[in-house]
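Novice: Sequence:
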Amino acid sequence: MIRKAVYFDNNATTRVAPEVRDAMLPFLDEFYANPSSIHRFGGQLAACVEEARAKMAALLGAEQPSEILFTSCGTESDSSALLSAASTCPKRRKIVTTTVEHPAILNRVRDLARHGYRVTEIPVDGKGRLDMDFVRTAIDDDTLIVSIMWANNETGNVYPVEELSEMAHSVGALFHTDAVQAVGKVPFRLSSMPGIDMLSLSGHKVHAPKGVGALYIRRGVRFHPFVLGGHQESGRRAGTENVASIVGMGKAAELALAGIEEENTRVRALRDKLEKAVLETIPCVRVNGDPEHRLPNTTNISFEYIEGESILMLLDLDNICASSGSACTTGSLEPSHVLRAMGVPYTAAHGAIRFSFSRYNTEEEVDFTLSKLPGIMEKLRAISPYWSRRNK
Numbered sequence: 000m001i002r003k004a005v006y007f008d009n010n011a012t013t014r015v016a017p018e019v020r021d022a023m024l025p026f027l028d029e030f031y032a033n034p035s036s037i038h039r040f041g042g043q044l045a046a047c048v049e050e051a052r053a054k055m056a057a058l059l060g061a062e063q064p065s066e067i068l069f070t071s072c073g074t075e076s077d078s079s080a081l082l083s084a085a086s087t088c089p090k091r092r093k094i095v096t097t098t099v100e101h102p103a104i105l106n107r108v109r110d111l112a113r114h115g116y117r118v119t120e121i122p123v124d125g126k127g128r129l130d131m132d133f134v135r136t137a138i139d140d141d142t143l144i145v146s147i148m149w150a151n152n153e154t155g156n157v158y159p160v161e162e163l164s165e166m167a168h169s170v171g172a173l174f175h176t177d178a179v180q181a182v183g184k185v186p187f188r189l190s191s192m193p194g195i196d197m198l199s200l201s202g203h204k205v206h207a208p209k210g211v212g213a214l215y216i217r218r219g220v221r222f223h224p225f226v227l228g229g230h231q232e233s234g235r236r237a238g239t240e241n242v243a244s245i246v247g248m249g250k251a252a253e254l255a256l257a258g259i260e261e262e263n264t265r266v267r268a269l270r271d272k273l274e275k276a277v278l279e280t281i282p283c284v285r286v287n288g289d290p291e292h293r294l295p296n297t298t299n300i301s302f303e304y305i306e307g308e309s310i311l312m313l314l315d316l317d318n319i320c321a322s323s324g325s326a327c328t329t330g331s332l333e334p335s336h337v338l339r340a341m342g343v344p345y346t347a348a349h350g351a352i353r354f355s356f357s358r359y360n361t362e363e364e365v366d367f368t369l370s371k372l373p374g375i376m377e378k379l380r381a382i383s384p385y386w387s388r389r390n391k
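Under numbering that gives the first Met the number 0, think of the first position of the sequence shown as 0, with each following residue one higher.
Bear in mind the hints are in silico, worked out from the structure with no lab data behind them.
Among the clues, some could well be false.
Below 25 Å or equal to it, Euclidean Cα-Cα: the simulated DSS-like pairs (lysine-lysine) are [to be verified]:
| id | residue 1 | residue 2 |
| --- | --- | --- |
| 1 | 272 | 126 |
| 2 | 371 | 272 |
| 3 | 275 | 371 |
| 4 | 275 | 126 |
| 5 | 378 | 275 |
| 6 | 272 | 3 |
| 7 | 272 | 378 |
| 8 | 3 | 371 |
| 9 | 3 | 209 |
Ranges of calculated distance between the beta carbons of each label pair, as one might list FRET restraints [as the list claims (entries may be wrong)]:
| id | residue 1 | residue 2 | range |
| --- | --- | --- | --- |
| 10 | 33 | 344 | 49 to 59 Å |
| 11 | 276 | 234 | 48 to 58 Å |
| 12 | 218 | 36 | 21 to 31 Å |
For glycine and all other residues, C-beta sits at the position ideal for the given N, C-alpha and C.
Build the full structure now, drawing on both the sequences and the hints.
Specialist: Take a look at the structure:
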C-alpha cells in the first residue's frame with residue numbers, strides 16, 4: 000500500500016494540480032489532431048495552444064502572448080536563450096553569470112567557454128547575495144549576454160534582476176534570467192521591465208506536468224532557434240507541439256496567477272513555522288541564504304556535524320520528502336556548489352536540507368515533521384565523529 004508522502008520537495012518538482020490534470024485529459028483522448036494541420040480538427044487544437052500561450056503571458060505580465068515560446072523544459076529554454084545570443088551577436092565573446100546558477104546555465108556557459116567564449120562568474124557573499132560592484136566591473140562592451148537567475152533553487156534567494164538587466168543594457172548586452180523557481184511564487188510584470196530580454200520557466204515547478212516549459216522572448220529581440228526543423232512556434236522551435244502538456248501548463252499558469260497571494264501568506268507562514276521551531280528546538284543549526292530577499296516557500300537549513308543524506312534517509316522512513324540541494328545534482332557526494340560558493344563551512348554544508356513548500360502543504364504536515372526532526376538529529380549526532388569531536 001502506498002502511503003501519502005509529506006512532501007516538502009516542491010523546488011524539485013510539484014504535484015500536477017487536479018484542475019490541470021482535468022484540463023489535459025481530453026487532449027490525451029478525443030482531441031488528438033496535429034495543431035499544424037489545416038483542417039478544422041487541427042485548428043481547434045491550435046486555438047487551445049494559443050489560449051494557453053495567452054494564460055502564460057498573463058502570469059508573466061508580458062506585453063503580448065506572441066512573446067511566449069513553448070519548449071520541453073527549463074533546461075531547453077536556458078540553452079535556447081544562450082545559444083541564440085551567441086548566434087545573433089557573434090562579435091561579442093563574453094558571458095556574465097554567477098557562481099550559484101543552476102547546472103542548466105553553468106554547464107552550458109562552461110561548454111561555450113571551451114568554444115572560445117570568456118565566462119565571468121559573479122561571486123556571492125555568505126548569505127548568497129551578489130557582489131554588485133563586481134557585476135558593474137564585469138559587464139563591459141564585449142559582453143554578449145548576462146544570465147542571472149531570478150531566484151535560487153537551493154536557498155530561495157531572490158536577485159535584483161531589474162537592476163541587473165539595466166546594467167546589461169547600458170553596454171548593449173542582452174539579459175536573460177532563469178526564473179524556473181520564481182514563476183508562480185512572486186508577481187511578474189515583464190511589460191514594465193524592458194531590460195529583461197529572455198526568461199526561462201518550467202511547467203513542473205508550477206503544478207503542470209514534466210516535459211513542458213517556456214521561454215519568454217521580449218518583442219524585438221532577435222532569436223535563432225535551438226531546435227531546427229518545421230515551422231512550429233512561428234519558426235522559433237521545431238517539433239509538433241505537446242498540446243496536452245501545453246494546455247496543462249496554461250491552466251497551471253491561470254491557477255498560479257490566482258494563488259500568488261496564498262504563496263506569500265499561508266505558504267510563507269508554514270515555511271516560517273518550520274524554520275522558527277527548528278532554530279528553537281535543535282542545537283547547532285543555521286539557515287542558509289538571505290532572510291530578507293527570498294522566495295516565500297523555501298528554507299535551506301544546515302544541521303551541523305551530520306551528513307545530509309543520513310537525515311534524508313531517516314526522514315524518508317517517516318515518508319517525509321525533502322532534499323539536500325538541486326535534484327539535478329543528486330548522486331554527487333560533493334556538497335552543494337551554491338553553499339560552497341557562499342563559503343558555508345564543510346560541517347554545515349554537508350548537513351544542509353532544503354524544505355520547499357507548495358499550496359498543497361498543511362500545518363498538520365509541518366507539525367508532524369517537527370515531531371520527528373529532534374529525534375532524528377539526536378540519533379545521528381550520537382554516531383557522528385564530528386559531533387563527538389566538537390563536544391570533547
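Novice: Would you mind marking each hint as holding or not holding in the structure?
Specialist: A quick look at each hint next to the structure:
no., hint, verdict
1, 272 to 126, "holds (21 Å)"
2, 371 to 272, "holds (15 Å)"
3, 275 to 371, "holds (15 Å)"
4, 275 to 126, "holds (18 Å)"
5, 378 to 275, "holds (21 Å)"
6, 272 to 3, "holds (22 Å)"
7, 272 to 378, "holds (23 Å)"
8, 3 to 371, "holds (17 Å)"
9, 3 to 209, "holds (20 Å)"
10, 33 to 344: 49 to 59 Å, "holds (56 Å)"
11, 276 to 234: 48 to 58 Å, "holds (53 Å)"
12, 218 to 36: 21 to 31 Å, "holds (28 Å)"
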